[in-house]
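Chains as they are written, first to last, in this note's numbering: chain F, 91 to 355; chain A, 91 to 355; chain U, 91 to 355.
Not one of these hints is a red herring.
Simulated pairs of lysine-lysine, BS3-like, Cα-Cα distance not exceeding 25 Å: (1) F:245 with U:309; (2) U:215 with A:309; (3) A:309 with U:245; (4) A:215 with F:341; (5) A:245 with F:309; (6) U:341 with F:215; (7) F:215 with U:309; (8) A:341 with U:215; (9) A:215 with F:309.
Keep in mind that the hints were calculated from the coordinates and are not lab data.
So you can see what is in the structure, the chains are spelled out below.
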Amino acid sequence: MASGIITLTTDFGLDDHYAGVMKGVIAGIHPVATIIDITHEVGCYGVAKAAFVVAQLHAFYPPETVHVVVVDPGVGGERRPLLAEAAGQFFVAPDNGVLSQVYERTQHQVRHIDTERWALRPTSKTFHGRDVFAPVAAWLAAGTAAAEFGPLVDKYVRLDRTTPTFVEAGRWRGKVLNVDRFGNIVTSFPAELLDESPTDFRILAGKLEVLETASTYAKASPSTAFVIAGSGGFLEISINQESAAAAAGVKIGDSVELVFSQANG
Amino acid sequence: MASGIITLTTDFGLDDHYAGVMKGVIAGIHPVATIIDITHEVGCYGVAKAAFVVAQLHAFYPPETVHVVVVDPGVGGERRPLLAEAAGQFFVAPDNGVLSQVYERTQHQVRHIDTERWALRPTSKTFHGRDVFAPVAAWLAAGTAAAEFGPLVDKYVRLDRTTPTFVEAGRWRGKVLNVDRFGNIVTSFPAELLDESPTDFRILAGKLEVLETASTYAKASPSTAFVIAGSGGFLEISINQESAAAAAGVKIGDSVELVFSQANG
Amino acid sequence: MASGIITLTTDFGLDDHYAGVMKGVIAGIHPVATIIDITHEVGCYGVAKAAFVVAQLHAFYPPETVHVVVVDPGVGGERRPLLAEAAGQFFVAPDNGVLSQVYERTQHQVRHIDTERWALRPTSKTFHGRDVFAPVAAWLAAGTAAAEFGPLVDKYVRLDRTTPTFVEAGRWRGKVLNVDRFGNIVTSFPAELLDESPTDFRILAGKLEVLETASTYAKASPSTAFVIAGSGGFLEISINQESAAAAAGVKIGDSVELVFSQANG
Numbered sequence: 091m092a093s094g095i096i097t098l099t100t101d102f103g104l105d106d107h108y109a110g111v112m113k114g115v116i117a118g119i120h121p122v123a124t125i126i127d128i129t130h131e132v133g134c135y136g137v138a139k140a141a142f143v144v145a146q147l148h149a150f151y152p153p154e155t156v157h158v159v160v161v162d163p164g165v166g167g168e169r170r171p172l173l174a175e176a177a178g179q180f181f182v183a184p185d186n187g188v189l190s191q192v193y194e195r196t197q198h199q200v201r202h203i204d205t206e207r208w209a210l211r212p213t214s215k216t217f218h219g220r221d222v223f224a225p226v227a228a229w230l231a232a233g234t235a236a237a238e239f240g241p242l243v244d245k246y247v248r249l250d251r252t253t254p255t256f257v258e259a260g261r262w263r264g265k266v267l268n269v270d271r272f273g274n275i276v277t278s279f280p281a282e283l284l285d286e287s288p289t290d291f292r293i294l295a296g297k298l299e300v301l302e303t304a305s306t307y308a309k310a311s312p313s314t315a316f317v318i319a320g321s322g323g324f325l326e327i328s329i330n331q332e333s334a335a336a337a338a339g340v341k342i343g344d345s346v347e348l349v350f351s352q353a354n355g
Numbered sequence: 091m092a093s094g095i096i097t098l099t100t101d102f103g104l105d106d107h108y109a110g111v112m113k114g115v116i117a118g119i120h121p122v123a124t125i126i127d128i129t130h131e132v133g134c135y136g137v138a139k140a141a142f143v144v145a146q147l148h149a150f151y152p153p154e155t156v157h158v159v160v161v162d163p164g165v166g167g168e169r170r171p172l173l174a175e176a177a178g179q180f181f182v183a184p185d186n187g188v189l190s191q192v193y194e195r196t197q198h199q200v201r202h203i204d205t206e207r208w209a210l211r212p213t214s215k216t217f218h219g220r221d222v223f224a225p226v227a228a229w230l231a232a233g234t235a236a237a238e239f240g241p242l243v244d245k246y247v248r249l250d251r252t253t254p255t256f257v258e259a260g261r262w263r264g265k266v267l268n269v270d271r272f273g274n275i276v277t278s279f280p281a282e283l284l285d286e287s288p289t290d291f292r293i294l295a296g297k298l299e300v301l302e303t304a305s306t307y308a309k310a311s312p313s314t315a316f317v318i319a320g321s322g323g324f325l326e327i328s329i330n331q332e333s334a335a336a337a338a339g340v341k342i343g344d345s346v347e348l349v350f351s352q353a354n355g
Numbered sequence: 091m092a093s094g095i096i097t098l099t100t101d102f103g104l105d106d107h108y109a110g111v112m113k114g115v116i117a118g119i120h121p122v123a124t125i126i127d128i129t130h131e132v133g134c135y136g137v138a139k140a141a142f143v144v145a146q147l148h149a150f151y152p153p154e155t156v157h158v159v160v161v162d163p164g165v166g167g168e169r170r171p172l173l174a175e176a177a178g179q180f181f182v183a184p185d186n187g188v189l190s191q192v193y194e195r196t197q198h199q200v201r202h203i204d205t206e207r208w209a210l211r212p213t214s215k216t217f218h219g220r221d222v223f224a225p226v227a228a229w230l231a232a233g234t235a236a237a238e239f240g241p242l243v244d245k246y247v248r249l250d251r252t253t254p255t256f257v258e259a260g261r262w263r264g265k266v267l268n269v270d271r272f273g274n275i276v277t278s279f280p281a282e283l284l285d286e287s288p289t290d291f292r293i294l295a296g297k298l299e300v301l302e303t304a305s306t307y308a309k310a311s312p313s314t315a316f317v318i319a320g321s322g323g324f325l326e327i328s329i330n331q332e333s334a335a336a337a338a339g340v341k342i343g344d345s346v347e348l349v350f351s352q353a354n355g
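Whole structure, please, built from the sequences with the hints as guidance.
As structure tokens, then:
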């Protein structure tokens with residue numbers, strides 16, 4: 091049973107008609123679909139941001155929700171349109187790595203969408219959000235079986251894994267998964283590290299070396315960066331009501347390091 | 091009877107997954123809810139802006155609408171989550187004054203939400219929009235009685251009143267309730283003052299001293315600030331197709347004064 | 091049969107309550123309407139941008155969709171509120187030319203909305219999005235016949251046509267219909283010109299003289315402006331993953347020229 095919910099995550103911005111046209115295509119095919127805007131502001135060609143956003147969504151959506159991700163600088167070229175099934179939900183996106191964090195953390199299978207069968211006609215070479223992804227999402231939400239959309243494929247683009255890698259004894263390298271609108275730095279280190287007591291690590295992020303931890307924003311020392319267990323399951327670096335990312339000078343995709351104290355003794 | 095409508099007013103911005111995750115939580119609990127984005131751009135920690143926005147909404151929404159307001163710098167700390175009932179509608183928000191203008195102008199009662207009973211598990215300490223406010227809103231919209239969510243409370247945070255205060259004979263002090271995207275300055279002086287004829291007052295707002303009035307934007311003199319009866323029931327200061335707020339140099343929360351002419355004779 | 095879909099295109103921005111209040115008015119009149127945000131960011135008083143956006147929508151929406159366009163610097167003055175019927179859909183907007191591109195490309199008829207009968211009371215002089223356009227849209231979407239809203243009119247504001255004009259042998263003048271968030275320059279030259287082979291024209295747009303063409307973004311030479319058949323049926327000037335509009339220094343409404351090679355031989 092389809093949930094009838096279609097979420098939209100794109101880099102189309104909010105000034106133009108692009109997202110609105112996609113909604114019209116969906117409404118034309120499946121009038122009772124519930125269309126939910128996640129964000130259209132992942133930044134032009136913001137594959138890394140979209141990869142994080144869509145991986146944060148699915149656990150909070152009903153089964154069979156269709157997540158459409160259109161960040162598609164390769165539109166019209168060789169890159170394939172994909173339909174991924176993971177965590178009981180559907181993901182419709184171009185094959186450019188934008189689903190990497192879903193692939194990385196969830197059992198999944200991936201299909202190559204048959205555009206000959208499913209695309210709107212005429213099919214543009216610049217707007218597959220409208221001509222390919224929207225109609226596929228609408229038909230999926232209306233209950234069409236995933237297998238109808240195309241064959242399973244084994245190979246598809248995966249960006250570098252985000253899970254921390256071992257550097258040397260007591261030293262791990264992670265990534266900035268997101269810088270959010272508050273300037274919080276979401277790292278790829280698991281939040282569970284903060285459950286250990288006493289906390290025995292520090293994080294190096296750009297210009298910041300962060301030793302302090304806090305259980306809530308309000309308990310943090312003023313103007314001091316601290317590590318907190320973020321809502322997405324990762325350690326985050328924050329400064330209460332200031333931008334930690336600006337203080338650190340880091341951006342999405344940058345490396346961060348976690349150093350256990352013993353290693354520095 | 092619940093209306094099934096849930097409105098969202100937050101400071102989460104439009105780049106991240108936060109508002110989208112809230113919508114997923116709501117859809118999971120109450121799939122037929124109608125979720126309406128009001129704004130996610132009240133500015134980080136923009137309590138004053140959100141307080142104005144939400145107070146402008148309810149008169150235009152059906153009975154039993156649930157208005158969710160998440161501007162929550164104190165998340166995870168001591169501040170309580172609240173459910174207010176006012177004007178036949180529901181307001182779900184943290185107890186930081188963000189509902190002050192609803193309290194100020196409407197009979198209301200306020201409950202302390204029992205998070206032990208209603209929060210998602212596990213409950214984060216940084217994202218109660220997802221873990222507390224969204225589920226409470228969804229259950230409310232689905233018809234759960236307000237009394238189920240927690241006990242009535244007598245004390246809750248109220249920001250300074252916005253109603254004008256007497257300064258001296260013929261001189262009143264008000265506040266900037268909003269600066270909108272057009273640069274209109276919404277004051278807390280009642281629009282009815284313009285019904286009197288002849289108009290016998292001027293308004294001092296930052297660098298501007300405004301004597302002119304206009305009944306419509308089109309009737310105003312070019313490049314001249316004027317007072318107009320705003321759509322929200324307050325006097326506004328505008329410049330036709332320019333920003334009055336930029337000309338005045340005022341922002342939300344600033345003081346403005348209204349001076350009756352007799353007092354200056 | 092009404093589709094029940096109402097789209098919103100405004101210059102209200104995303105910070106304020108204006109669009110949210112319109113949605114409440116609609117929900118109060120027609121609770122099962124599907125309200126779809128197209129954009130609230132056409133720019134303050136962005137009539138030209140909105141004119142393009144709304145003309146791009148209708149072909150992708152179900153019959154009887156109601157498109158509401160509120161870019162309304164003349165609100166409260168003499169300009170009339172209009173209901174246009176075109177392409178099997180409805181358009182509700184002020185009479186300031188914002189529907190020009192719909193008029194230009196589609197058979198249509200236009201009615202003058204009787205605000206005495208249809209406006210909310212009291213009716214503000216500054217917010218007809220809420221008081222006039224939202225209720226009319228809601229009643230239309232609920233199935234009220236267009237003829238109920240007011241009489242047909244023969245005269246209404248039409249901006250200059252966007253179709254290219256003849257300059258001299260082999261030389262045509264068009265317009266910039268849109269600059270999108272990627273910096274693509276959407277011209278008013280028909281995309282079909284690229285079907286001809288060999289391509290024998292160049293486009294002059296501000297500082298750019300564009301001779302190269304590409305069938306997809308990915309096939310273009312790096313950092314080089316090229317002409318591509320855009321998704322809206324027009325020739326567009328793009329630079330792969332850069333802003334062609336910034337390189338050209340053009341904005342919406344500017345003139346562009348198309349010159350056939352023979353004319354320069």
